[in-house]
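Kindly produce the complete structure, drawing on both the sequences and the hints.
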Amino acid sequence: MSKLKGAIVAAKPSVEKTIIGMLEKSMKKGVFDAVIIPMRAPSGDSFAYVLVKDKSLLKDATPLPPTMFVQGAKAVSSVTRLGKGKIKIAAVMRPCEVRATVELAKLGQANLENMTIISMDCPGVLPSSDFLKYPEKNIKLFNEAAKKLDDKMMRPLCQICDKSSMVSGDLHIGTLGAKKDTFFLISNSTKGDDAANKLGINLKDNIDSWQTKVKTFSDEKKKKRKKAHKELKAKVGGIDNLVETFSHCINCHNCMRVCPVCICRLCYFDSDKVKHSAEDYLERAESKGSIRFLPDTTLFQMGRMMHMSISCVSCGACEDACSMSIPVGQIFSMIADETQALFDYVSGKNLDEPIPLVAYKEEELLEVEDSDD
Amino acid sequence: MTKSLKINKSTEQGVLELLKYLLENKKVKAVFTLKKIEKKGAVAYSLIADVKDLQDAVPFYPLMPVNAGNLLSRFTLKGSPDELVAAVVKPCELRGFVELIKREQGSLENLLIISSTCGGVYPTKFGVDGTVEKNLSKYWDAVKKGEIPDGSRPTCRSCEEFAPYVADITVDMLGKNDLDKQCMMFLNTKKAEEIAKGFKGDFSDKQMDSKKLDKAREKRGIEKKKLFDEIDKKMNGIDGLIEIFGKCISCHGCSKVCPICYCVLCEFESSDSEYGPSNFETELRKRPGLRVPPGTLYFHLGRLTHISISCVACGACDDVCPSDIPVAMVFKKVSESVQKMFDYIPGKNVDEKIPLITFKKDEFKEFEG
Chain A
273 MSKLKGAIVA AKPSVEKTII GMLEKSMKKG VFDAVIIPMR APSGDSFAYV
323 LVKDKSLLKD ATPLPPTMFV QGAKAVSSVT RLGKGKIKIA AVMRPCEVRA
373 TVELAKLGQA NLENMTIISM DCPGVLPSSD FLKYPEKNIK LFNEAAKKLD
423 DKMMRPLCQI CDKSSMVSGD LHIGTLGAKK DTFFLISNST KGDDAANKLG
473 INLKDNIDSW QTKVKTFSDE KKKKRKKAHK ELKAKVGGID NLVETFSHCI
523 NCHNCMRVCP VCICRLCYFD SDKVKHSAED YLERAESKGS IRFLPDTTLF
573 QMGRMMHMSI SCVSCGACED ACSMSIPVGQ IFSMIADETQ ALFDYVSGKN
623 LDEPIPLVAY KEEELLEVED SDD
Chain B
624 MTKSLKINKS TEQGVLELLK YLLENKKVKA VFTLKKIEKK GAVAYSLIAD
674 VKDLQDAVPF YPLMPVNAGN LLSRFTLKGS PDELVAAVVK PCELRGFVEL
724 IKREQGSLEN LLIISSTCGG VYPTKFGVDG TVEKNLSKYW DAVKKGEIPD
774 GSRPTCRSCE EFAPYVADIT VDMLGKNDLD KQCMMFLNTK KAEEIAKGFK
824 GDFSDKQMDS KKLDKAREKR GIEKKKLFDE IDKKMNGIDG LIEIFGKCIS
874 CHGCSKVCPI CYCVLCEFES SDSEYGPSNF ETELRKRPGL RVPPGTLYFH
924 LGRLTHISIS CVACGACDDV CPSDIPVAMV FKKVSESVQK MFDYIPGKNV
974 DEKIPLITFK KDEFKEFEG
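Protein chains in written order, with this note's numbering: chain A, 273 to 645; chain B, 624 to 992.
Keep in mind the hints are simulated off the structure, nothing from the lab. Just so you know, even glycine gets a beta-carbon here, dropped at the ideal spot from N, CA and C. Check the hints yourself; a few may be wrong.
Below, in silico cross-link-like pairs of lysine-lysine (DSS-like), each with a Cα-Cα straight-line distance of 30 Å or less [stated by the list, open to error]:
| id | chain 1 | residue 1 | chain 2 | residue 2 |
| --- | --- | --- | --- | --- |
| 1 | B | K662 | A | K547 |
| 2 | A | K560 | B | K659 |
| 3 | A | K405 | B | K856 |
| 4 | A | K424 | B | K650 |
| 5 | B | K857 | A | K405 |
| 6 | A | K560 | B | K701 |
| 7 | A | K560 | B | K834 |
| 8 | A | K547 | B | K857 |
| 9 | A | K496 | B | K663 |
| 10 | A | K545 | B | K857 |
| 11 | B | K849 | B | K834 |
| 12 | A | K547 | B | K659 |
Covered stretches of chain A, going by a simulated chain B footprint (3 or more residues, C-beta under 8 Å) [claimed, not checked]:
| id | region |
| --- | --- |
| 13 | 497–508 |
| 14 | 542–551 |
| 15 | 590–598 |
| 16 | 608–621 |
Next up, the structure:
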């Protein structure tokens with residue numbers, strides 16, 4: 273992995289416009305043949321990822337939309353899951369979307385060979401249900417809040433995100449610590465170096481002020497995160513609280529469907545394995561007096577957690593999609609922190625680092641071994 | 624001749640008395656009904672075997688956390704119960720279940736179905752924030768008068784199929800002005816008559832008052848026309864549909880909670896709906912750009928094609944949609960016209976085959992060349 277290199281780029285009239293200009297230029301020069309980027313839907317009430325071939329479409333693109341309707345990793349995976357294409361594509365996403373994309377590549381669900389991933393410092397996103405109430409007004413409010421780094425309106429998980437400037441793609445737009453009307457273009461790979469080179473951008477500027485600001489910002493968020501986790505644990509910790517928390521769950525499995533790292537085509541919890549005869553269900557009801565039907569609501573949540581918490585990127589898509597307002601993203605993210613710390617792993621940070629559950633290390637986890645001897 | 628059973632208690636209490644009698648006397652092995660679970664009082668369908676747990680049952684709570692048609696299918700899919708189980712469900716849930724039975728996804732065997740004339744339910748999310756609990760007395764006032772409860776699901780507000788079709792027992796509720804003092808049940812089948820024998824109540828040969836149902840139907844019809852006009856204006860061709868479904872995030876929650884969508888693996892989640900890079904490249908030669916993942920509207924049109932003949936307009940899809948798309952009203956509107964074409968009411972009769980699997984030689988001359 274290459275060390276981060278950067279350049280200071282003039283951002284006029286705005287950061288977004290400059291990014292779009294750079295993309296147009298790179299398409300013109302053949303650096304990329306197409307771009308995956310969020311655009312506002314014709315109805316104006318949502319944003320969707322669009323694979324753009326005609327660069328004239330780019331003028332309507334919104335590199336940093338106020339919401340995340342579909343996790344960007346899903347967009348990249350839908351195009352490259354069955355293999356790399358002939359065309360070179362740039363994908364513009366938020367850091368947690370890039371991290372999920374990296375996890376998907378590790379899981380064989382995306383092919384990044386002909387893909388250049390571009391991320392940017394992220395101010396968070398609005399919960400989509402909030403956004404949908406007044407789209408026009410909320411776009412303005414988001415833009416103002418983003419400028420001031422005010423996260424009060426954002427998804428609860430964005431408010432405690434300490435990885436909002438993590439660079440794990442090829443290029444990154446750094447706005448933190450940048451002088452007025454400039455941003456940092458940061459490269460994280462030879463692909464990134466190459467793209468910058470072809471655009472005539474010299475990656476030789478000092479990016480210390482960005483790195484310092486990112487560190488301060490991330491440290492602040494870490495503190496906030498720790499506090500939030502403590503409060504959440506008091507609320508949902510232990511099996512009784514957990515069952516209570518998920519008692520409103522209606523088994524729609526929206527959380528799983530929108531999760532960028534829940535990759536199974538048919539979830540175990542939707543499969544034949546969890547379907548039983550009436551007599552089996554009655555036996556359970558008789559032994560307990562009564563059972564919720566369908567049973568095993570919390571088991572689904574815990575099962576899903578076991579399957580994906582090593583790769584969870586804390587994007588909050590699950591929480592946004594929950595029609596019963598269960599803080600499922602906050603819970604999963606909290607557990608994911610612990611799972612990932614156990615393996616000294618940060619999901620989506622580095623494409624070359626294998627997922628711990630598929631990497632065998634003989635000397636690993638001695639502390640959970642049987643210590644009878 | 625239908626037998627009627629009158630109990631001098633509130634309607635919900637009367638039904639609970641009967642259920643208690645059936646469980647205590649081992650006439651049924653268990654009761655399937657809505658019940659308050661956990662401390663905070665989430666309401667969920669439950670399978671109750673111990674009569675003690677009946678005390679938390681709320682059979683007619685105005686909420687449909689999950690369409691019970693789905694649940695009864697899961698209950699009986701891998702084998703029916705050996706002995707009778709009583710199930711209290713809403714008319715559209717029962718219709719959904721019947722449509723699933725026609726698709727070999729369940730069976731009525733050894734089920735005693737209790738349903739009622741239905742006042743409708745509130746959107747599921749109002750069960751979480753306490754709104755339903757707060758509105759209970761207002762709800763029952765409206766039901767008594769045969770009126771439409773404020774804030775109930777749009778599909779309920781416009782529902783004209785509020786009387787159950789294949790229930791063993793029908794509970795009189797909609798438009799019953801003394802429902803908090805008296806419980807009236809109609810025993811529609813031999814099974815129901817047999818099982819209620821020995822229960823202390825007032826048996827007679829009364830019929831359901833159809834006039835009050837006609838009145839309620841009229842009110843719902845007016846509401847339906849209004850809601851259909853609204854959605855019609857929005858639908859308005861492919862552009863309108865793109866506007867409506869543009870904010871869909873493809874979670875497919877609507878298909879997951881739909882009592883008719885029973886495929887274990889949806890076509891639109893299968894490898895048939897995946898495209899290789901060359902497909903995208905070909906497509907990009909034809910147009911300037913395309914939404915990814917692709918197929919957002921296509922999914923809804925496909926689902927509409929698959930299920931509109933059997934849609935019971937329960938509104939579960941609306942409730943689960945995180946993007947607030949009026950998916951249920953679109954589906955209800957389209958489904959009604961499809962069902963009308965085949966003169967078919969889904970869930971009305973277990974023995975009537977689904978039109979799409981019945982071939983009639985003289986059908987649809989108007990589409991011939």
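So, going through the hints one by one against the coordinates:
1. K662/B to K547/A: Given pair K662/B, K547/A holds - Cα atoms ~28 Å apart, limit 30 Å.
2. K560/A to K659/B: Given that 30 Å is the threshold and the Cα spacing comes to 15 Å, the pair holds.
3. K405/A to K856/B: 21 Å, holds
4. K424/A to K650/B: Status violated; Cα separation ~58 Å.
5. K857/B to K405/A: 18 Å, holds
6. K560/A to K701/B: The given pair, whose Cα atoms are some 21 Å apart, holds under the 30 Å limit.
7. K560/A to K834/B: Violated. K560/A to K834/B sits at ~45 Å, over the 30 Å cutoff.
8. K547/A to K857/B: 40 Å, violated
9. K496/A to K663/B: 28 Å, holds
10. K545/A to K857/B: Violated, because 42 Å separates the two Cα atoms, which is more than 30 Å.
11. K849/B to K834/B: Measuring from Cα to Cα gives roughly 23 Å; hence the hint holds.
12. K547/A to K659/B: This hinted pair holds, its Cα atoms lying about 24 Å apart.
13. 497–508: That given contact is violated, which follows from only 0 residues of the region 497–508 of chain A lying within Cβ reach (below 8 Å) of chain B.
14. 542–551: Since three or more residues must qualify, the claim that chain B covers the region 542–551 of chain A holds, with 8 doing so at under 8 Å.
15. 590–598: Contact hint for the region 590–598 of chain A vs chain B: holds, 6 residues under 8 Å.
16. 608–621: Result for this restraint: violated, n = 0.
Violated hints, listed in ascending order, are 4, 7, 8, 10, 13, 16; each of the other numbered hints is respected by the structure.
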